[in-house]
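Quick note on the working numbering: the sequence shown kicks off at 1295 and runs consecutively.
Incorrect hints may appear among the rest.
What the hints assert, rightly or not - Restraint ranges, calculated between C-beta atoms of paired labels, are given here: (1) Ala1531 to Ser1722: 45 to 55 Å; (2) Asn1797 to Ala1531: 34 to 44 Å; (3) Ala1837 to Gly1483: 43 to 53 Å; (4) Trp1845 to Val1547: 39 to 49 Å; (5) Leu1466 to Ala1730: 47 to 57 Å; (6) Arg1660 to Asn1797: 46 to 56 Å.
Hints were generated in silico from the structure; no laboratory data involved. Glycine included, every Cβ here is placed at the ideal spot set by N, Cα and C.
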Amino acid sequence: MYRYCPFTLSLLSVCVISAGAWAHPTMEEINVSGQRSNLIGQSVSASQGVVTQADIETRALLRVGEILELVPGMVVTQHSGTGKANQYFLRGFNLDHGTDFATVYDDMPVNMRSHGHGQGYTDINFVIPETVGSLRYQKGPYYAAVGDFSGAGATQIISLRALDEGTLKLTLGEHNYQRLLAADSLHRGNSDILWALEHTGYQGPWSDIDEDLDKLNAQIKGTTDLAAGTLRWGVMAYRNQWNSADQIPTRAVTNGTINELGSIDPSAGGESNRYSVNVGFDSAHWHASAYAIDYDMNLWSNFTYYLDDPEHGDQFEQVDQRRLFGGQVTYQRVDQMVGKPMHNVFGLQTRWDDIAEVGLYTTENRVRDGVVRADSVDEHSVALYWDNTIHWRNDFKTVLGVRYDHFDFDVQDNVGVNRYGVDLSPNSGEASDGIASVKASGIYTLNPQWETYLSVGSGYHSNDARGTTIRVDPNTGSTVDSVDPLVQSLGSEWGLRGRPLQNLNVSAALWYLQLDSELLFVGDAGNTEPSDKTERTGVELTAYYRLNDNWTLDAEYAYTHARFVNEQPGRYVPGAVEDVLQLGLSADYASGLFASLRVRHFGPRPLVEIGDIKSEASTLLNAKLGYRYQAFTISVDALNLLDSDDHDIDYFYESQLAGETAPVEDVHYHPLEPRNFRLTVEVAF
1295 MYRYCPFTLS LLSVCVISAG AWAHPTMEEI NVSGQRSNLI GQSVSASQGV VTQADIETRA
1355 LLRVGEILEL VPGMVVTQHS GTGKANQYFL RGFNLDHGTD FATVYDDMPV NMRSHGHGQG
1415 YTDINFVIPE TVGSLRYQKG PYYAAVGDFS GAGATQIISL RALDEGTLKL TLGEHNYQRL
1475 LAADSLHRGN SDILWALEHT GYQGPWSDID EDLDKLNAQI KGTTDLAAGT LRWGVMAYRN
1535 QWNSADQIPT RAVTNGTINE LGSIDPSAGG ESNRYSVNVG FDSAHWHASA YAIDYDMNLW
1595 SNFTYYLDDP EHGDQFEQVD QRRLFGGQVT YQRVDQMVGK PMHNVFGLQT RWDDIAEVGL
1655 YTTENRVRDG VVRADSVDEH SVALYWDNTI HWRNDFKTVL GVRYDHFDFD VQDNVGVNRY
1715 GVDLSPNSGE ASDGIASVKA SGIYTLNPQW ETYLSVGSGY HSNDARGTTI RVDPNTGSTV
1775 DSVDPLVQSL GSEWGLRGRP LQNLNVSAAL WYLQLDSELL FVGDAGNTEP SDKTERTGVE
1835 LTAYYRLNDN WTLDAEYAYT HARFVNEQPG RYVPGAVEDV LQLGLSADYA SGLFASLRVR
1895 HFGPRPLVEI GDIKSEASTL LNAKLGYRYQ AFTISVDALN LLDSDDHDID YFYESQLAGE
1955 TAPVEDVHYH PLEPRNFRLT VEVAF
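Required output: the full structure, derived from the provided sequences and hints.
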């Protein structure tokens, strides 16, 4: 039904992403259709790849954020309401909402710097899955065009140029789930215009709240082929509001205060808006793009209940109101060095976050009763990079990349004296920092069926601007140290990719990553939380096998060993998932019948540094069954088919319930949503 914009790679260079874009090679173009394609001769490492709309269509998705689980080894969960950014896990990182994984949509950065809820906040609820043409991922810091939030990896989501047919889709499900999608394309000469409208509503399975999810998405994208290249532009609008069933303490379920689908504070929730315009131009040698984004969020949460305020409760509101402006330009050319083919890419990237308010307020039933801190922030960055590929022989090439990033931070306190009597004016200030990154890969083609890779590189993530100028703790008034603005990571990887059979693609990667510090600004408290240097090692195995013309099998396994270098007092990294396994079986018959079955398992993970408290393992099975007949398609998604009561996520910390006289350390968790069936009817026009 859909016409895909193919993923194009060059034998002399691989498309690599940045906080703004991928480089666009031109030599010896090869079309790639998805995960089951042969990437030998086209990759820089074994841990990068591409998935397309065809791959996305086979999945039964509870939330749009789960399209990132198409990245092998990635786990996408949720500890709050459907409208909030997901919680992500990859390569031994509890990425929170995206701190060490860069996400880009049509050359626009998704990660939010110095965000009200968490550094690198990655909310992709504005994405309409049916308009995604490809998702290109890469893990590790080995790619010169990737800058901020690049330690664990990065992905770029690229929208379709056009649809072959219009579509009208209605999905209805349990717990009053409703989704209506209308999308089509206009074709005029050398131009295509894609438009899509989506509305989603959901009450959720919770026993004491209705989520009242009310999400609206609109998207228009235009593409015109010119004599000199291709011009593209886009306009997007997103509006969402919801109530949250946040994580709950185990003891409250055990003693019967609530059931597993209950809540302690039923007034938690949020609302968010995102509006964007972007424009880009691609030619044989040049790629340029620019964007402007208007974004705001108000989020009400309560994770400790009555610990800090036994009378009114601990609910708080996090605010983020900003505009983002930025863009990038790359130039590429093919040369020779000592008679060897050489491909160079030169890039310039810039970004400005104009944050009118990033704030933290204490609230009761969403009504403010005090301010912890509120600031305005200007955060600028500019980066230059060079990516060089040389084919020394027909079977061996090297890729060398260097980049330099510079940041300027300007933080202005908007409060003065806060609700705790702390004067926050010393937290105003300016800071700046720069960081150089070097990346190198050697790629050896053993034969047409096997290729091996050796990569090493440094990356970084920026810290919250407020942490770079902080002087006093807003809760206690005590003196605190500011944080390093930029935190470096260093990684290496040996990989192998092969196609031993015509219908079988396999890859393996053995990797290492060191992060200088996991010190972050904690939006929930308005202060900084230090931790030490960490080391991670791991292995990843993937296989995609087309059993016959109708059936396809895929398998992904990832193991990670994550530790602090020094005692913290222990060496375990809380939230670091050790084992991730995903298995998928899908069928697509010419008669119109299609189906898929997919299991996701992630194992126990330490919740505290000494490792004596761990989460349970979590296993989830989703299924899809459908039938296409002429212009009509009908399908059923079975989410959590086995009705597992495993947990989506677990934390261990101190909280206090009403009636308790002292804080209690406990495991707090968010359960998997119970088994849920959704029926979709689609009409093409």
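Results for each hint:
no.	hint	result
1	Ala1531 to Ser1722: 45 to 55 Å	violated, 34 Å
2	Asn1797 to Ala1531: 34 to 44 Å	holds, 42 Å
3	Ala1837 to Gly1483: 43 to 53 Å	holds, 44 Å
4	Trp1845 to Val1547: 39 to 49 Å	holds, 41 Å
5	Leu1466 to Ala1730: 47 to 57 Å	holds, 54 Å
6	Arg1660 to Asn1797: 46 to 56 Å	holds, 55 Å
Hint 1 from the list above is the single one not met by this structure.
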